[in-house]
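Put the two chains together into one complex; each comes in its own frame, and the hints tell you how they fit.
As given, the protein sequences belong to chains A and B, one line each in that order. Residue numbering for the first sequence follows the working numbering, starting at 82 and increasing by one per position. Residue numbering for the second sequence follows the working numbering, starting at 4 and increasing by one per position.
To be clear, the hints were calculated from the coordinates, so they are not data collected in a lab. Heads up, the beta-carbon is just placed ideally off N, CA and C, and yes, glycines get one too. Please note: incorrect hints may appear among the correct ones.
[Unchecked claim] Now the stretches of chain A that chain B is said to cover, found in silico as 3 or more residues with beta-carbon under 8 Å:
no., region
1, 102-115
2, 156-162
3, 174-184
4, 199-208
5, 247-256
6, 259-268
Below are the chains, spelled out letter by letter.
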Amino acid sequence: MKKKKAASLEEAVSHLRDGATVLIGGFGYGGVPEHLIEGICGRGLRNLTIVNNNAGTGHTGIARLLEEGCVGKIICSFPFAAESVVFKDMYEAGKVDLEVVPQGTLAERMRNAGAGLGGFLTPTGVGTEIAEGKPEIEVDGKRYILEKPLRADFALIKAYKVDPRGNLVYRKGARNFNPVMAMAADFTIAEAKEEVPLGGLDPEVIVTPSVFVDCYFVTG
Amino acid sequence: MSQIVKIPQKQLLGRDQIAKRLAADLQRDWVVNIGIGMPTATLPFVPAERDVVFHSENGLIGMGPPPTREEDIDRDLMSAGKGPVTLIPGGAFVHHADSFSLARGGRLDCAVLGAFQVAANGDLANWKVKGASSGNIGGAMDIAVGAKQVFAMMTHVAKNGEAKIVESLTYPPTALGVVTRVYTDMAVLSVTPEGFVLEEVAPGLTAAEVQAASAAELILPDTLRTIAA
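So here's chain B without its partners, still in its complex pose (with noise of 0.2 Å):
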């Protein structure tokens, strides 16, 4: 059964303030899918500098920022999320059967993906909602279980109260086992053999706050740290 969680009264990151925060665990040369939806917003705090070559499941790799220049823009050059986008030189277009065939293959050194929840075992709920006849798979499934790493970028509580981190799942499952981290508007959490780990909190939140906003055991670390908002 679904459990309603305490949401503090108090200012939590906006999406840009979490996407900002995850892009800085995008390490230099890595191979990232970016998901449909919130994780987008990731992108433009990656810097072009750091070299990260990012898939989408469309066929491309080394998907580039959107054209400045409206002319720029081009049909047959779009993002999973349907967005007008470029190619980085050194760019590669494939057909879907090998761009699934990267993604499985585990040449994705990480993927970010939206979430309902995330359980503490790292199994990942986001394409179906609970009592649902079906749902919208994309290429979530192949990218989750393909993935070195997944980071899911979520809000921490859903709109209705639901808690998101939980301990075990009560939305129909994408993939087991599979979330390395978990990015929310209130915190930072790795997945853990123990469960989840409260790494960090957004400013002007307690760790307690984000324990009562969680229907899972979050473990404390020897230093709790503050997101750098």
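Only chain A is shown next, with the shape it has when bound in the complex (with noise of 0.2 Å):
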């Protein structure tokens, strides 16, 4: 069996190079896979494009990568909440660059990425900023527009239990954009509170199958 529990935090995070682009899983407080991003704060990591719901929070996680100049730009659905202070004056200053992607959309192009599809038709955005430069495509009479998968170097996600293989289950809302995250990118390192041995898991239950599961870090 391949071995993927990382011994320590700074293992598990130890591939991720400069001008990643990065997955972060979370909407809110939920699923955010807190350990993992404190352990790639602080190593100077330049030029990553980091796609989540969200622009940071705060002064910590994805604010703290952004503080710490990690960030050339950032991919998400709802960038300028109220507690997004760093990002707010970065992008004002120019200092980051800036995609906004309707949530649905976000999700489905980086399932379709995991899928290995080659784009899909929505109908979301028809007729809006979000439409233009992509092709209009209409289907039995209805207007679709064209959206392309969304792939990633890495993606950093949080399950509640992981077992030795990487089989995941999440808590709650805490589901969220990890699963589909998890699909999308080339390595998926995962952070689980808590570790279960093989065969504790129900097979009927798990909801990220090992496949898409590179490297685990049990956070207690």
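Have a look at this one:
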């Protein structure tokens, strides 16, 4: 069996490099891989593209990566939340690029990448600024725009339980973007609260199968 | 160009009064998405026995009211607006791609969304103010195009006096031709192929006053009702 368990936080995030596109799970407080983000802070990485629903909260997590100058671009659906104080200042100063994507399109672009598809037709954004520069295609009389898959170099995700193969289950609303992000990256790193022995997860309820997980770190 | 309109110098409905009126139109067994901001005020006015199933974009199907005890607040159980909620018995958790599949796929009977402007053809603007370099989309574009009905909930006129009920949008659109009804602090409007129909007015207001506060023609119904506030 392939060894996926990282002995330390440092080991778990050791592959990350300058210029990488990094998917980071979470929505609000739930499902945020706080340990993994903390693990890449202070490493002096540069020019990362970060994909998340938001653009950082307060001064920790993604906001700290921004403050440390690690981030060149953010791809998200809701950049200007009241708590996105660091991002707002940096965006206004022209220090970080932004791509705003409708939330469902963001999720589906990642699912598409994970599913090996070349894009999808969505009614979302038809007739809006989001459609600019994208082919519009009519199917059975209904208007759609072509959206492309969003593949990344890394995904940092948070799970509730992991087994030694890397199978994952989540907890309540902390599931959110994590399963689709796990699918969409070349190298997916999960942090999990608890590790269970092989066979300890009911195969009927595993949400992310181990094939999508390359490395995991148990936070306890 | 945005149009400045006349706000009547009278008592208008408060947020909870608009919410109460809107909640009365959420039907039994509907699946409903409630947007962030003003729309969240509708939740307490929907009686549990009506069994409306609330969808929250972050993967909650069957979102329940906030927990009553502080110790029951769970960071993994939050609304789209990041406030603590519960899950009703028989509720389910899904990931984001599935959450938006059900939205775009037509499983929402209704979405209640805030708005900057609503046009006479049902176009909705709620993500970006005019002239801004960017804005917040969140789930609004997917939910607005997918829901069978979109109820817009907003003040009738912007704080600066700009009309929000307009003939055609001057703000960047969120979705085209989606709004079916509008609930404001002055009136209830329906969006029809002929344009806005003024269904109900707030107590103490006249149809003429609501018309003067709108930058689109309002069609008067045979009987104009007063909102039960």
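| Taking a Cβ-Cβ distance under 8 Å as contact, does the region 102-115 of chain A have three or more residues in contact with chain B? | holds (count 5)
| field | Given coverage of the region 174-184 of chain A by chain B, tested with a Cβ cutoff of 8 Å and a minimum of 3 residues | value | holds (count 5)
| query | Does the region 156-162 of chain A contain three or more residues whose Cβ lies closer than 8 Å to a Cβ of chain B? | reply | holds (count 5)
| message | How does the region 247-256 of chain A fare against chain B when you require at least three residues with a CB closer than 8 Å, holds or violated? | response | holds (count 6)
| request: Would you check chain B against the region 259-268 of chain A, counting CB to CB pairs closer than 8 Å, and say if three or more residues qualify? | output: holds (count 3)
| message | How does the region 199-208 of chain A fare against chain B when you require at least three residues with a CB closer than 8 Å, holds or violated? | response | Three-residue rule met by the region 199-208 of chain A, so holds; n is 6.
Checked against the numbered hints listed earlier, the structure breaks none of them; every hint is satisfied.
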